[in-house]
Amino acid sequence: MAIKLKVRGVSFNYGSRPALKNITLSINEGEVVSLVGPNGSGKTTLIKCINKVLKPKQGTILIKGRDIKKIKLKGLSRLLGYVPQSAAHFFPSTVFDTVLLGRKPYVNWRISPRDKETVSQILSLMGLEGMALRQFNELSGGERQKALIARALAQEPQVLLFDEPTSNLDLRHQLEVLGIVKSAVKKKEIVAIMAMHDLNLASRFSDKIIFLCKGKIHDIGEPRRVLTRENIRRVYGVDVIISKNLGNPHIIPIAPTAAEE
Amino acid sequence: MKNQVVKIKTNNLPCSELYSRFTARKALFMLACLVLLGISALVATSLGGADLSIKDVVYTVIAKIFPFSNVKISSIASVIVWHLRLPRIVMGIIAGAGLAIAGAVMQGVLRNPLVSPFTVGVSSGATLGASIAMILGFSLVGSETYIVIANAFLFAMGTTFLILGIGRLRGITPESFILVGISLMYFFGAITGFLQYIATEGELAEVIHWTFGTLTGSNWKNILIVLIIILTCFPFLIRYSWDLNAMASGGDEVATTLGVNCGRVRIVCMVLSALITASIICFTGIIGFICLVAPHITRLIIGGDHRFLLPCSGIIGAILLLIADTIGRTIISPIIIPVGIVISFIGAPFFFYLLMTRRRQYWQ
Chain G
1095 MAIKLKVRGV SFNYGSRPAL KNITLSINEG EVVSLVGPNG SGKTTLIKCI
1145 NKVLKPKQGT ILIKGRDIKK IKLKGLSRLL GYVPQSAAHF FPSTVFDTVL
1195 LGRKPYVNWR ISPRDKETVS QILSLMGLEG MALRQFNELS GGERQKALIA
1245 RALAQEPQVL LFDEPTSNLD LRHQLEVLGI VKSAVKKKEI VAIMAMHDLN
1295 LASRFSDKII FLCKGKIHDI GEPRRVLTRE NIRRVYGVDV IISKNLGNPH
1345 IIPIAPTAAE E
Chain A
55 MKNQVVKIKT NNLPCSELYS RFTARKALFM LACLVLLGIS ALVATSLGGA
105 DLSIKDVVYT VIAKIFPFSN VKISSIASVI VWHLRLPRIV MGIIAGAGLA
155 IAGAVMQGVL RNPLVSPFTV GVSSGATLGA SIAMILGFSL VGSETYIVIA
205 NAFLFAMGTT FLILGIGRLR GITPESFILV GISLMYFFGA ITGFLQYIAT
255 EGELAEVIHW TFGTLTGSNW KNILIVLIII LTCFPFLIRY SWDLNAMASG
305 GDEVATTLGV NCGRVRIVCM VLSALITASI ICFTGIIGFI CLVAPHITRL
355 IIGGDHRFLL PCSGIIGAIL LLIADTIGRT IISPIIIPVG IVISFIGAPF
405 FFYLLMTRRR QYWQ
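Which chain is which? The protein sequence lines are G and A, in order.
My numbering numbers the first residue of the first sequence as 1095 and each following residue consecutively.
My numbering numbers the first residue of the second sequence as 55 and each following residue consecutively.
To be clear, the hints were calculated from the coordinates, so they are not data collected in a lab.
Treat the numbers as computed from the prediction; the structure is a model and nothing was measured.
Glycine included, every Cβ here is placed at the ideal spot set by N, Cα and C.
Watch out, some of these pointers could steer you wrong.
Claimed, not checked - Just some of the chain G residues that point at chain A, by a computed CB distance under 7 Å:
| # | residue |
| --- | --- |
| 1 | LEU1148 |
| 2 | GLN1152 |
| 3 | THR1154 |
| 4 | GLN1179 |
| 5 | HIS1183 |
| 6 | PHE1185 |
| 7 | PRO1186 |
| 8 | PHE1190 |
| 9 | ASP1191 |
| 10 | LYS1198 |
| 11 | PRO1199 |
| 12 | TYR1200 |
| 13 | GLU1211 |
| 14 | LEU1217 |
| 15 | ALA1226 |
| 16 | ASP1301 |
What the hints assert, rightly or not - Below, a list of computed lysine-lysine pairs in the DSBU-like style, where the Cα atoms sit at most 35 Å apart:
| # | chain 1 | residue 1 | chain 2 | residue 2 |
| --- | --- | --- | --- | --- |
| 17 | A | LYS80 | G | LYS1166 |
| 18 | G | LYS1276 | G | LYS1163 |
| 19 | A | LYS118 | G | LYS1168 |
| 20 | G | LYS1149 | G | LYS1100 |
| 21 | G | LYS1146 | G | LYS1164 |
| 22 | G | LYS1280 | G | LYS1151 |
Claimed, not checked - Derived DEER-like restraints, expressed as beta-carbon distance ranges:
| # | chain 1 | residue 1 | chain 2 | residue 2 | range |
| --- | --- | --- | --- | --- | --- |
| 23 | G | SER1218 | A | LEU408 | 33 to 39 Å |
| 24 | G | ASN1122 | A | VAL89 | 25 to 31 Å |
| 25 | G | LEU1269 | A | ARG293 | 53 to 59 Å |
| 26 | G | VAL1332 | A | TYR407 | 38 to 44 Å |
| 27 | A | LEU85 | G | SER1105 | 40 to 46 Å |
All chains, please: the whole structure from these sequences, using the hints.
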């Protein structure tokens, strides 16, 4: 399998406080990868380095072998789609207009029938075709999240980045959204990287899990291998019981461990 | 209501087709507004001290544009139309359009519904410049007759660059520009206040009058200057429509990942909209409310897509200012109420009406 995304020796500081220390990882095409770790462990920072919102102090990030430092913003927006948390928009816009923004990397000013067609198809894929002309701000949290994923897919990217895609969603939408992400990744042979808090959802939908702890990679691998009592205890400071659920590790938290260090 | 209609249609049409109709409706609305503007201009030209019918106005305009047509008009009508009424009306249209566009751009680029060139301090710079010229008789450039205009313009632009310069130190975010703009507004307000305090009664009256904002004294030369500036800036702004859409809906982080260089777009748009504003208010004085309210009215009617919002705000701003000025100069004629006063007086209730009757989640 071909390597889609490579992060090599990336470090980042907020002022003098290090947030990422020498992160190295590579992700193959067709993989859904979850970034897990406690608050402040560097999940969001890593995502912001990959989407070039932040500039790493050291190291390089390669998408399909190309250094993102050397790619202009417009070029990068064709390779990389970012899905933020589903906050309301500042000014009114319809769902169709929101998703159409995903075609911005390809349009100068006029939108072509192909752009509209692409948006139309993606809206159907997401089950949003019935609300194409509704106001984005009128949608529920789950529908908004779907619309934002639709926008990222409209960019036809190689890499999808998610900042806690399930944090505001109800049970049904959590499963739907992650199911859509997984099938899109497999079908288009792209990659998805998601900052996640819910370890059980990460376990169920990821091909690979990256444990981040204090800006460093603590462990990386298949859910079955890395979701262990020991790892979770070390990274989160929580005692857990691991059971099995549909063949994946299922985590049942017990209690915070007694303070150490 | 509207949503229900959309839902019913959805069953038999693909989204792309629905969207095409949706944008066609906006274009149609814009066209209708343009027609309304034309009619308003004709009616406004016929109203005033000397009695002219709309027919007189049409003939006078035709006679001037096509000198060899056989339309018979009186020379008095020609003078009234071309020298007294039209300069004022055309200036009103251009000023309304320019201020509304500048407001729409600034609101989008700073992502804040309360922002306009006036709330971020551009106008307070202009007022300070005008006050210095009127009270101290001092100007950076310009001869006797033009010192107020030149000073107002230069101070407005100077303020803009000061806002951008100081704001940049803190990062090119909307918050830094807004905060710096508001502080400068108070700072300049203090200096202007001090100047007014030491001014003679005559000078004070002159300054206060200037801040009311009026179209009296418009002439074709001023119109040409403003028109050239707007026509130069507008294509650049409309080219940024998509960038503005991305920044206004998603925020800088999302806009960046959609390929928008947010810092550059923000600075260019601020400079261009300030340039438009400065070029207008240096001739008219402070006409404030229009650039806040015209974009909002437009958003309420056709939504926030800047491809349509910018031109349509311009047209609606022009209509509003034209109507306001016509009311101001006819209602207790021969006394002319400055348009800056009238626009706030009739604009605010109209805006409330729209805000209350349009049931959709507007801004957050």
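Now the hints, each set against the structure:
no. : hint                               : result
1   : LEU1148                            : 10 Å, violated
2   : GLN1152                            : 21 Å, violated
3   : THR1154                            : 19 Å, violated
4   : GLN1179                            : 11 Å, violated
5   : HIS1183                            : 4 Å, holds
6   : PHE1185                            : 4 Å, holds
7   : PRO1186                            : 5 Å, holds
8   : PHE1190                            : 5 Å, holds
9   : ASP1191                            : 6 Å, holds
10  : LYS1198                            : 5 Å, holds
11  : PRO1199                            : 5 Å, holds
12  : TYR1200                            : 9 Å, violated
13  : GLU1211                            : 5 Å, holds
14  : LEU1217                            : 5 Å, holds
15  : ALA1226                            : 4 Å, holds
16  : ASP1301                            : 23 Å, violated
17  : LYS80/A <-> LYS1166/G              : 34 Å, holds
18  : LYS1276/G <-> LYS1163/G            : 28 Å, holds
19  : LYS118/A <-> LYS1168/G             : 50 Å, violated
20  : LYS1149/G <-> LYS1100/G            : 16 Å, holds
21  : LYS1146/G <-> LYS1164/G            : 11 Å, holds
22  : LYS1280/G <-> LYS1151/G            : 33 Å, holds
23  : SER1218/G <-> LEU408/A: 33 to 39 Å : 34 Å, holds
24  : ASN1122/G <-> VAL89/A: 25 to 31 Å  : 60 Å, violated
25  : LEU1269/G <-> ARG293/A: 53 to 59 Å : 43 Å, violated
26  : VAL1332/G <-> TYR407/A: 38 to 44 Å : 56 Å, violated
27  : LEU85/A <-> SER1105/G: 40 to 46 Å  : 57 Å, violated
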